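Chains as they are written, first to last, in this note's numbering: chain A, 1 to 135; chain B, 1001 to 1135.
It should be emphasised that the hints constitute simulated quantities derived from the structure, not laboratory data. Mixed in with the good hints there might be a few duds.
Here are some of the chain A residues that sit facing chain B, going by a computed Cβ distance under 7 Å [unchecked claim]:
{"hint": "1", "residue": "R40"}
{"hint": "2", "residue": "H43"}
{"hint": "3", "residue": "G45"}
{"hint": "4", "residue": "L49"}
{"hint": "5", "residue": "G82"}
None of the values given here were measured: they were computed from a predicted structure. Heads up, the beta-carbon is just placed ideally off N, CA and C, and yes, glycines get one too.
2 protein chains.
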Amino acid sequence: MPDPDLSKELARANRAFYRAFEELDWPAMEALWAADEGVRCVHPGAQMLVGREAVLESWKAIFAGLPTLRFDLADVDLRVAGDLGIVTCEEHIRSGPGRQQPEFRAVCTNLYVLAGGRWRLLLHHASPLARRLGP
Amino acid sequence: MPDPDLSKELARANRAFYRAFEELDWPAMEALWAADEGVRCVHPGAQMLVGREAVLESWKAIFAGLPTLRFDLADVDLRVAGDLGIVTCEEHIRSGPGRQQPEFRAVCTNLYVLAGGRWRLLLHHASPLARRLGP
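Let the hints inform the model, and build the full structure from the sequences given.
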């Protein structure tokens, strides 16, 4: 059985990742990624970026060019397996206020690794999701 | 240090996955997926499928509708972490013979879990990659 505290911490780390993205909080985003040359990141439709430097540079560029976004997560699933945490979810992204339809949906695999007792991002893979019809 | 035999076996399992896909070998594909209700699969541009039944049904439908394909893999990276194996790669897919440009490129995260001493697929996440210019 996985440690329930580790699962809770994993959920918290994943929320912190999306909060950093939503608030364009660069220090928080930087701190969330593992100090590991094997970190990997796929932004929707893009190639896989490898290594902490390339990954963090991509986030810096995104943060510089984006307006504030609102993320709602759906179908969040968490799994702890040893020192790894696997989170899958759907990102529903809106750029304006209110309850309008999401402008962009992505499906995500986020892998976290335990480092010094804290979950850090090892891999973020987001892929574009065709718009669904209906509400 | 990860067991070098486990890394070799992980590489072999990943090759077997793409060979099964290439050869539309249904029994091989079915055997490659973990007997785990948490298995997950994202085909390019699609939603995340959850559970062995939904995932295997999607492969059956793909196998029924596809011509034989040729897969070349690029940038294959493997990492063993306890009972989990993480493989990332680029799939370059051609439907015809010869050396023409790939018709489709996808970037992949494949997670494997050790079950009975063998690596089985726990998650396959493939996302479309915009065509690159040049050779």
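Could you tell me which of the hints above the structure violates, numbers in ascending order? 2, 4
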